[in-house]
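A.B. asks: Here's the letter readout for the chains.
Number of protein chains: 2
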Amino acid sequence: MKQEILQLQQEMKKNGVDFYLIPTSDYHHSEYISNYFKCREYLSGFTGSAGTLLVTLSDAYLWTDGRYFLQAEQELAGSGITLMRDGMADVPTISDFLKTHIQAGQTLGFDGRLYTTSFIIALQRKLSAKKVQIKYNLDLPHKIWTDCPPLSSEPVYHFPESYAGTPVSEKLDGYRNYLKKYRADCQLLNGLMDIAWLFNLRGHDVACTPVFLAYAYISTKEAILFVQDGVLTNEAKEHLLTNHVTVQSYETFYEFVKNIQKKRILVDHSDLNYCCYQALSNTNVLLRCAKWTTMEKIVKSEIEIENTKNCHIRDGVYMTKFMYWLKHTIKERTLSELEVANYIDNLRLSDRLALDLSFETISAYGSNAAIVHYSASVESNAVVEPKGMLLVDSGGQYLDGTTDITRTFILGPITDEEKLCYTTTCRSMLHLANAKFLSGCRGSNLDCLAREPMWELGIDFRHGTGHGVGHVLSVHEGPNNFRYLVNQNNLDAVLLPGMVTTDEPGIYQTGKFGIRIENELLCKKWKRNEYGQFLEFEYLTYVPIDLDGIDVTLMNKQEKSWLNDYHKRVYDIISPHLIYEEKEWLKTYTRPI
Amino acid sequence: MKQEILQLQQEMKKNGVDFYLIPTSDYHHSEYISNYFKCREYLSGFTGSAGTLLVTLSDAYLWTDGRYFLQAEQELAGSGITLMRDGMADVPTISDFLKTHIQAGQTLGFDGRLYTTSFIIALQRKLSAKKVQIKYNLDLPHKIWTDCPPLSSEPVYHFPESYAGTPVSEKLDGYRNYLKKYRADCQLLNGLMDIAWLFNLRGHDVACTPVFLAYAYISTKEAILFVQDGVLTNEAKEHLLTNHVTVQSYETFYEFVKNIQKKRILVDHSDLNYCCYQALSNTNVLLRCAKWTTMEKIVKSEIEIENTKNCHIRDGVYMTKFMYWLKHTIKERTLSELEVANYIDNLRLSDRLALDLSFETISAYGSNAAIVHYSASVESNAVVEPKGMLLVDSGGQYLDGTTDITRTFILGPITDEEKLCYTTTCRSMLHLANAKFLSGCRGSNLDCLAREPMWELGIDFRHGTGHGVGHVLSVHEGPNNFRYLVNQNNLDAVLLPGMVTTDEPGIYQTGKFGIRIENELLCKKWKRNEYGQFLEFEYLTYVPIDLDGIDVTLMNKQEKSWLNDYHKRVYDIISPHLIYEEKEWLKTYTRPI
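Chains as they are written, first to last, in the working numbering: chain C, 1474 to 2066; chain F, 1474 to 2066.
Check each hint, because a few of them may be wrong.
Derived, one-sided and incomplete: chain F residues facing chain C with beta-carbon distance under 8 Å [stated by the list, open to error]:
1. Ile-1844
2. His-1846
3. Ala-1906
4. Lys-1909
5. Cys-1914
6. Ser-1917
7. Cys-1921
8. Trp-1928
9. Leu-1958
10. Leu-1964
11. Lys-2000
12. Tyr-2004
13. Glu-2011
14. Tyr-2012
Which residues of chain C face chain F? A partial, calculated answer using Cβ under 7 Å [to be verified]:
15. Lys-1735
16. Leu-1911
17. Gln-1961
Derived by calculation from the structure, the hints in this document are not laboratory data.
Backbone N, C-alpha and C define an ideal beta-carbon position, used for all residues, glycine too.
Work the whole structure out from these sequences, hints included.
C.D. replies: Pasting the structure below:
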C-alpha cells in the first residue's frame, strides 16, 4: 500500500476511525480547488479534477468518473488503491458501498468543512439502519501532508459599482429584508461567489474564478466578512468600512460560529458546510431556506448586462480573429491542439480588462472532440491537419463580464455524416435561442427545443444543453440551466429577465468526431398581453458559425432565416473592429444561405 | 340569510364551532359527486360543479371559479351569502381568508371524510400561528338536510380479465411486494378508480365514471373490500371469493379503521381522507408513500391497449359519421348546440359495449366556444348556423376503453384570423404528437412543443395541453399530463410506454370564437441505441381534422406530411366501417394537402 495511505491509516487508528472520506473539495464547495486542498491527490497520486478517496483500516478505494478511468488506472498502478469506476453498472456509489461495508458501531470520519450539509444528511439517512458513529471534525490528511502549500492568499480588491452595478448597501438592505420576511436573525455564507458578489469584491484564490477565500455572516444588524489577514487592499478596506461591514480573520470563523446562540438562522443545506451546521444546530433555531444571493446574483442588473454585452463584443472580435487565423493557417501548415489553444488564450489575455480565462480552453481535434471533457496535454496534443473538424470551447473573465463560447471549425473535407451532424447541431442551437415563452417557464420546459432536432434522428448528447453564467464570478453558476432530467429535489429555476444561460448542444461520435456550438443567451421581456408576460432570448455571443459545415438542404426556411439574421448581426457588430482582410473574409463567412 | 344557513349556524352553535367548511366533494375525492354529497348545493342554492361554502356564526361565503361567476351571482341573489370570486386579484383564498378572520381559540369544523389529508395539513400549517381548534368529525349538513337522497348503490359487477388485462391475484401480489419493499403492513385506499382497477370491478355510482362507492384495505395477508350491502352481483361475489378478497359493509369502514393498531401503514396524503388519517396517526407508524395503484393503473397492459385501440376505432367511426351528418345538415338547416350534442351522444350510446359518456359533451358554437368549460343548457342553447365554427369535445366509456376527443368544425365562411388560429392549433397538436424523446422525459419537458407555434405569435391557452386517461375509469387521470407550470410539490410523472395522454391545444378569443383539436396519444417504445431507449407517441384517435379550416401556406413541409400521414391512417382505419357516400366524402376530407 502507498506510504501516504499507510500513514493515514495510522492516524485513523489513533482517532478511532474505521472509514475515512477524502473528497475533492475546499471549505466553500468551489468548482476548482487550490493546492492547499489537494489532499486526495497527495494521498492517492491521482491528479484528475474529480474523485473521492475512501480509506479503511486495511484498504483504500478511489471513485472517479468516465473522463478519468484511463488516467486513474495509470496513476493508481502499484498504489494498492482500488479504482471504483463511478457510473458503471456493477460499481456501487460511495454511499451504497458504505452501507454494505460499514458495521454497526463502527466510525466514519471526514473533515465536515469539505462537505455540504445536504450531502452528509443524505448519507446519514442511507446509513441510518447501521448505527454508525460519525466524526466530522477530523482533518487527518493535513497531519500527514507536512509540506502542503499554504492557503492561497491573493489580494482582494474592490469591484467598483461601475462594473458591479448595485451598491453593497443596497444588497445588504435586500438581504436584511429577506431575513425579516422569514423572521430570521441571520444567515452564514460559505459560497465564495455569493460573498464576492454581495460585498462587491474580487480576488484570485480559485483558478478561473475571480473570488477569494472567505466566509460571511449577515444579520439584521451586522455584516461580517471573514478573510485572511492582510489580503484586503486599502481601497477594499475603505469600501467595507463605508458600508459598515466588519472584517474578521478567516481563521477565527469557526470560533465565531460556535458562539452563535439562541438565534433564528436561515440555513441553505446546499451551501452551508456540515461543520457549521453541526455547530449551529443544537443552540439555535434553523430555518431551511435558500440563501438570498443565489437568485439575486444570477439575475443581472442593467449595468451588469451593459457591461456583459461590451465584453462579449471584444470576446467576439478575438474569436473571429482567431477563426480567421485558423482557417488561413491550416491551409499553409499543420498546427497542434495546444498551439491553437494558446493562440485564442493570448488574444483574450491581451484585453485591457482581462482577468483570467473563465476555464481551461478545450481544443480538441478529430476524435478527441468526442470526449466531452477532453483537455489537451503535452502528451495528448494532437496534430491538427487540413481535414475534419476542430472543437474549441473557451471563454474569458474580464472586469466587465464573463464569456463562454464553443465553435467547431471545418478545416478541410468532411463526410456527409459530419455535415448532417454539424447542421443538426446548428439547428438545435437555433431552435432554443429563438424560443418565445411565457413567464413561469423553466429551462427544463424549453430544453427539448434544442434536443428535438437530434432526437428525431435518434441522437442525443449526454450533457446539459446549457448552464447559468455568473458575472465576473463562476462561468458555471445555477440555478438556471437547460436540461430535461429533473426531479423534485433538483428542479431548475424559473427563467427570469436578466438571467444568462448557455445554449450548447452537441453531437459526439466516439472514435470519430465531436461537434458543439455554443452561444450565450440573455433572457429578456418580449410582448405583454392578455396571456401574460412573454419572454425571449437575446444572443450575447457574436461569432460566425462555420458555414463550411452547413448542408443548406437540411434546413427549413425558418431555420435559414434564423441563421442569416444571426450572421448579419455578427457582421454588423464585429466587422468595425477588424482590419480590411478580416472584414472581407467575415463577409463571406456571414453570407446569407 | 337563507333558511338552511341559519339552521346550519344553529347546529354550529350546538357543536361549539365558529367556522364551518362545506366543499364540493365525496368521501373519495371523485371528480363528479352524486346527489347524496351535494350539501353545498343544498345549503347555498348554487348548483355549479365547483365551489366551497364557508359559514361563520353570522355570515356565509361561497368561493367558486371564473366559469361560475355569473351563475353564482344569480343563484346566490337574496341568499345573504357573499360570493368570493376565486382567482380574482382582490379575493383571498379560503385558507388566507381563514388565516385573517379566525381568532386564536376559535373552532373550525368540517367533515374530514370530504378532505384529503394533504389539504388539511396544508391548511393547519397556514393557521399554525393562530392556535385554532379543529373538529374534523362533524357532518352537520346531513343533520339539516332531512330529505337528502340516499347514497347511490348501483350494482357492482365483475370486469372480466378479457377487458381488465391483469388478474386480481397478480395485482394483489404486486401490491404486497410494494408493501414489503417499504417494510409496511398495509395501506388503505379511498380512491374509487384505484379500488375498481385493483379488484377488476366496475359500477355506476359516479356520473361518467364506471366506479362504485368503496374503501379498501390491503395488507400483507388480507385484502378487504368495503362496499354497500347488496350491491355485488353474484358473479362479482364469486370473483372476489376466488381471489381471497373479504367483503365488508361500507358502513363499517371507519369502525374498522379505528381498530387498526401498531401497524406500519403506507399513507398517501393525496388519497387518504383526513378522518382516516387522524384515526390511524396515533396508534400506528405512518410511512408517507404514494399508493401503488397510481402508477400501475395508468400504465396500460397489452390487453388494455389492444382493447383501447378497438374502442377508439368504433369511437372514430361515430365521430366521422357525426361529422358527415353535421357538414351536410348545416347546409340544409340550422341546428342547436344541444341537438348536435344529442346526435353524437346517441351514436356513442348505441355502441354494443357502451357504458356511458366519459363526460358531459361540450357542444359550443361561435363565441360560446371561447368559454373553455362551456356547457350548453336549455337556456344557453345557441342556434348553430352555416358560418363560423363549432367546437365539440366528447367521449365515451365503453367496456373496452375510454375515449376523449375534440374537433372544431368549420360550418361556413370563416375569417383569416380564424384560419390562422385553426391552422396554428393543428400545428401545435401535430408537433407534440410527433415528438421523439428519450426515456426519462416528463410531459412538462415536451409541453412547449405544442405551445411554441402559439407562443411565437404571442398566443397561449390557459389550460393544460393534455391529461392522462384512465382505462374504463376516469377520463381525467394523472399523474401523467402535458403542462409547463410545475413546482417541487406538483411535478408531473415521467412518461412511460403504456401511458395514454391527451394532446389538446386550443385558441380562445373571448366574444369571438374558440378552437381546440384533441387527439389521444399512446406512449410507446421507439429506437434503442447507445443513447438509451427512445420513446414516441402513437395516435389512438382517428377522426378527420377539418381541412376547411387549414391555410396550407402556414404549414411547412414536415407539418404537412405529418397531417397527410395522419389523414391517410384515418381513411385506412375508418373507411371500412362507412357506407359508400360517407366513404367518398371521407376521401375528400382526408385528402393530402
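A.B. asks: Are the hints correct? Go through all of them and say.
C.D. replies: Here is what the structure says about each hint:
| no. | hint | result |
| --- | --- | --- |
| 1 | Ile-1844 | violated (15 Å) |
| 2 | His-1846 | violated (18 Å) |
| 3 | Ala-1906 | violated (13 Å) |
| 4 | Lys-1909 | holds (4 Å) |
| 5 | Cys-1914 | holds (6 Å) |
| 6 | Ser-1917 | holds (6 Å) |
| 7 | Cys-1921 | holds (5 Å) |
| 8 | Trp-1928 | holds (4 Å) |
| 9 | Leu-1958 | holds (5 Å) |
| 10 | Leu-1964 | holds (6 Å) |
| 11 | Lys-2000 | holds (5 Å) |
| 12 | Tyr-2004 | holds (4 Å) |
| 13 | Glu-2011 | violated (16 Å) |
| 14 | Tyr-2012 | violated (18 Å) |
| 15 | Lys-1735 | violated (20 Å) |
| 16 | Leu-1911 | holds (6 Å) |
| 17 | Gln-1961 | holds (5 Å) |
Hints 1, 2, 3, 13, 14 and 15 from the earlier list are contradicted by this structure; the remaining hints agree with it.
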